[in-house]
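Asker: Build out the structure end to end from the sequences listed, making use of the hints.
Going down the list, the protein sequences come from chains V and Y. The C-terminal residue of the first sequence carries number 591 in our numbering, and the numbering is unbroken. The C-terminal residue of the second sequence carries number 591 in our numbering, and the numbering is unbroken.
One thing to keep in mind: the hints can contain errors.
The list cannot tell twin chains apart, which means a pair is met if one copy fits it or any two copies do.
To be verified - No farther apart than 20 angstroms at their CA atoms in a straight line, the calculated lysine to aspartate or glutamate pairs in the DMTMM-like style are these:
id	residue 1	residue 2
1	Lys-5	Asp-589
2	Lys-5	Glu-572
3	Lys-492	Glu-572
4	Lys-541	Asp-589
Hints are computed from structural coordinates only; laboratory data are not their basis.
Spelled out, the chains give:
There are 2 protein chains.
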Amino acid sequence: MSLYKIPLRDFQFVLHELLDTSAVMHSCGREEFDAATIDQVLSAAGQFAEEVIAPLNASGDEEGCQFRDGGVTTPSGFREAYRQYIESGWSSLACSAEHGGAEFPTAVENAVNEIFGGANMAFSAYPGMSQATYVNLRANGSPGLKALYLPKLASGQWTGTMCLTEPQAGTDLGLLRTRATPQVDGSYRLAGSKIFISGGEHDLAENIVHLVLARLPDAPPGVKGISLFLVPKVIPNADGSLGERNEIACGSIEHKMGIHGNSTCTMNLDGARGWLVGEPHKGLAGMFVQMNHLRLGVGITAIGVMEAAWQKSRRYANERVQGRSPGSVASADNIVLHADVRRMLLTQKAYVEGLRALALWSSQLIDLSHSHPDADARRDAAGLIALLTPVVKAISSDLALESTLMAMQVFGGHGFIRESGVEQHVRDVRIISLYEGTNGVQAMDLLGRKVLADGGLRMGAFIEQVVAHAQTHRTRPGMEEFAAPVLELARKVQTVTGELIASSMDDPHAAGAAAVPYLRLVGHLALSYTWLRAAQLALAKAGSGDPFYASKIATARFYLRRLMPQSIALFEEIRAGAAPVMDVAALLDAT
Amino acid sequence: MSLYKIPLRDFQFVLHELLDTSAVMHSCGREEFDAATIDQVLSAAGQFAEEVIAPLNASGDEEGCQFRDGGVTTPSGFREAYRQYIESGWSSLACSAEHGGAEFPTAVENAVNEIFGGANMAFSAYPGMSQATYVNLRANGSPGLKALYLPKLASGQWTGTMCLTEPQAGTDLGLLRTRATPQVDGSYRLAGSKIFISGGEHDLAENIVHLVLARLPDAPPGVKGISLFLVPKVIPNADGSLGERNEIACGSIEHKMGIHGNSTCTMNLDGARGWLVGEPHKGLAGMFVQMNHLRLGVGITAIGVMEAAWQKSRRYANERVQGRSPGSVASADNIVLHADVRRMLLTQKAYVEGLRALALWSSQLIDLSHSHPDADARRDAAGLIALLTPVVKAISSDLALESTLMAMQVFGGHGFIRESGVEQHVRDVRIISLYEGTNGVQAMDLLGRKVLADGGLRMGAFIEQVVAHAQTHRTRPGMEEFAAPVLELARKVQTVTGELIASSMDDPHAAGAAAVPYLRLVGHLALSYTWLRAAQLALAKAGSGDPFYASKIATARFYLRRLMPQSIALFEEIRAGAAPVMDVAALLDAT
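Answerer: Written out as structure tokens, the structure is:
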């Protein structure tokens, strides 16, 4: 029984047919990423995922991480798998050539990240955090820090973390208390305690590079007084060899609902030596480079986990014999023939394939924002990816939760048994709606910072892009059924966005009360746009007789007819406004 | 910190004000259940729940059941708690007087079941299954079996189980293979293997009464050849003392996502002696007495678990300080002041209070169906409870899952940590959508057996009841806002029911493709009707100044404005029909 198999054909459809990755990278002056090269990477990633890390997924969950004497032991097999991971060059896939990286496009990097996340979320979160640390340091570090640390992070010889949260400061980082005191040599001494540090301690690598938020002595209060520091577990010598152990240590690890194989650490800094990254008091902005990288990254991990659960449930539905399908003459049929089971399978398929295309398109926007020769195109791509990042993070994780729960439902009572493997996906993926900013925080980021802040300009541009595309294609043969509902939804989002811009001027709670359903609504717009594009491509190739395209068209139809109507309810929920939410009487008896 | 506190005031509102339990029981010739008596029972149940079983909830989850040498050890403290449970008379609360029971109304019994389920679902599932066994045997057993077994089940000295599922036969019981061979003394010898038997083995009681489905040698194939047998773990002597050990034994227990403290057993019958319950080949109908009892029962347990999670999340929201609320001058506020957190709290409140009222009203219908002096009233109540049972089971468990996940979300990252206690509720409650018939099975039961089977007669009567009530009350002061949306929804359900009756004649898959969203739609109708009645009562008493009523009104408003719009989406999903679900191409590439 295969535990996880990469959806190679669908990756090819998205990367080659929908996104035309090679041509896009070519237009950015990068000619080496032809389809064959990308396919080689996908296949190699698939092999590593299927053969090396997927087999450690259930055992890693069962065994978990162990904390003893300040050290963390990862589950059996993780060390050896990590060694193979870095030896195969996966950690440096998208890193800069100057640090030893292969500079693959973000769209390919994130396809690979989906594969590893789907095969073993707990394992892949270690290098996932390192990648984000690399990106942060590359963007914000001094030349000296970069030269010393980036090649080690790229090679995977050292791993990275992000140390933000404290017991009293989670969503509200303005409340953080960790202090940094300047030293005469230009370094700092940090004191404080951080919690929920993913990969804060483990036995996979010889050193761990912590990026830590802390306050300088002269820091103003709140988020404007936060600075970013690099605090290595072991202080390297100038040549990169390991020097003395730093005063940062793991105090305990958390016992969690899921991702048992990934250590979640309390990190105590007791005069730990650190180096400033970027400007004093500008640490939060610096950290947001890492945070945004992670938000897209964990959204993509969620898609991988959905894929894994969807594979299990569709295999089960094709094997399990139970009940007679209407019109059948068998005493009982495979449950895949029952309408309600098909509904659950198609819901998963429509979500996972739609989200994959959306997330990899978003990844391509990052490539364009960095590398497109035209400055306007770079700026537009950057604007759109800023808008889409919270959407992809939140809707992928929310739908991954729904989808993995549905995969369990296909298994009936067997889904509740750990042996089935499917309930682990639910427990693992649950964290993604909670970390790197809860999905409520993503929703406020979208509505507050990305939509209301510019008077709806960027959102308007996105809606226009969708409308223009739908209008162009609706008159082509067979496209009306796909284009019409997308147009209708785009107009609804336009309406409600305008209403929210107006109501938020009068009511300070309007945005907060609307944010979560608004993000979901925009998510459905993005998904429906993605399915429209997929349907259009598949229709053009349906004559080939490849059942892949017929399935795409049918799945697009299922999404638009049976799932997209959810957006109407969201529209109504938003329009009901903040008054029912903020009514003081409502929670009076609940204190 | 309180782990669980009974929502006494809300139980009083539902039982005394909304359902007028005393008067209704009085009309059924039972005068002893005045409000004070009911309150005494609720308070005593609350004390037992809060002091005895709630403290064992987390430790029971951590420790789980242990299987060794054919025996099952329940978590520490469960044995002593069970001893207290039966000594306090909880097991016989609603049993017949002739078996030592107190004959309390089902509405009160189920209020108590919600309390125990909320405080400790894994523990309360043992006596919950015994109650269902009692009800089955009372309805179907011979006088001899009843005399021997019912007093012991009522007292809790022995517990009960239901043995249906086999590895190849879950939803489809027609596939079951366990055989029963008649013996000369009128008993039977049973051979076969059953799985997923809740409480199949444990250390709480000296004997376990299994009700087992099996086939007689001359049985026709499929569900029409299933008979029901009583198979005791220890065969009692005629005087009720324990005789010899029977050949039924636990082979293993399952490792599950949740309810770790409740044993889920594989039971092997190796020539076990059993006694026929009811008629040969009519066992499934007999077992449905137990199944229907359990379906309502587990729906009520789900409500208890939601209540527990909602209590934790509202306490956390009232204590956790993070972020500034718009207009506040504090550096940070309790998160209960943030609109999005309020949205999550009110969603839980609206669901749990609405479902409680719905489930206890359904319980009252059982009382009326048994005890009302008028035969027509008994028949009407029986018809309505048959309709509502799958609705309450499925919507309570589905919304409990959503609601407990939302409780986790209020906790942010802390919700993922086991110590918070809230993730356990998600893991525990997840089983309820899966067992006693998956929620897909409930939906087919509703749409197929309860709606289509009588041409929509019973459903039409229910819709009429809702419409008549809403029309009567909409003209009263302040009621328009509550009555109008309920009327609109009722008409939608009426429309879609008619459409489904028509389409299911042409398309054999129409019902299967619509069933789950249809049940959810009917669930929202039932909930909205319940909230309409609650709002109307609360409006009448709002002048009292009791903040409880103001909160009820505000919660009704929140439900009707912000949550009920979901029903529009369900309506559209149903109307999209079976074609997108049954499209052969859609899952072609997913085998």
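Asker: For every hint, state whether the structure bears it out.
Answerer: Hint-by-hint comparison with the structure:
no.	hint	result
1	Lys-5 / Asp-589	between (51 angstroms within a copy, 14 angstroms between copies)
2	Lys-5 / Glu-572	neither (40 angstroms within a copy, 35 angstroms between copies)
3	Lys-492 / Glu-572	both (10 angstroms within a copy, 16 angstroms between copies)
4	Lys-541 / Asp-589	between (60 angstroms within a copy, 16 angstroms between copies)
Hint check: a violation occurs at hint 2 only; the rest are consistent with the structure.
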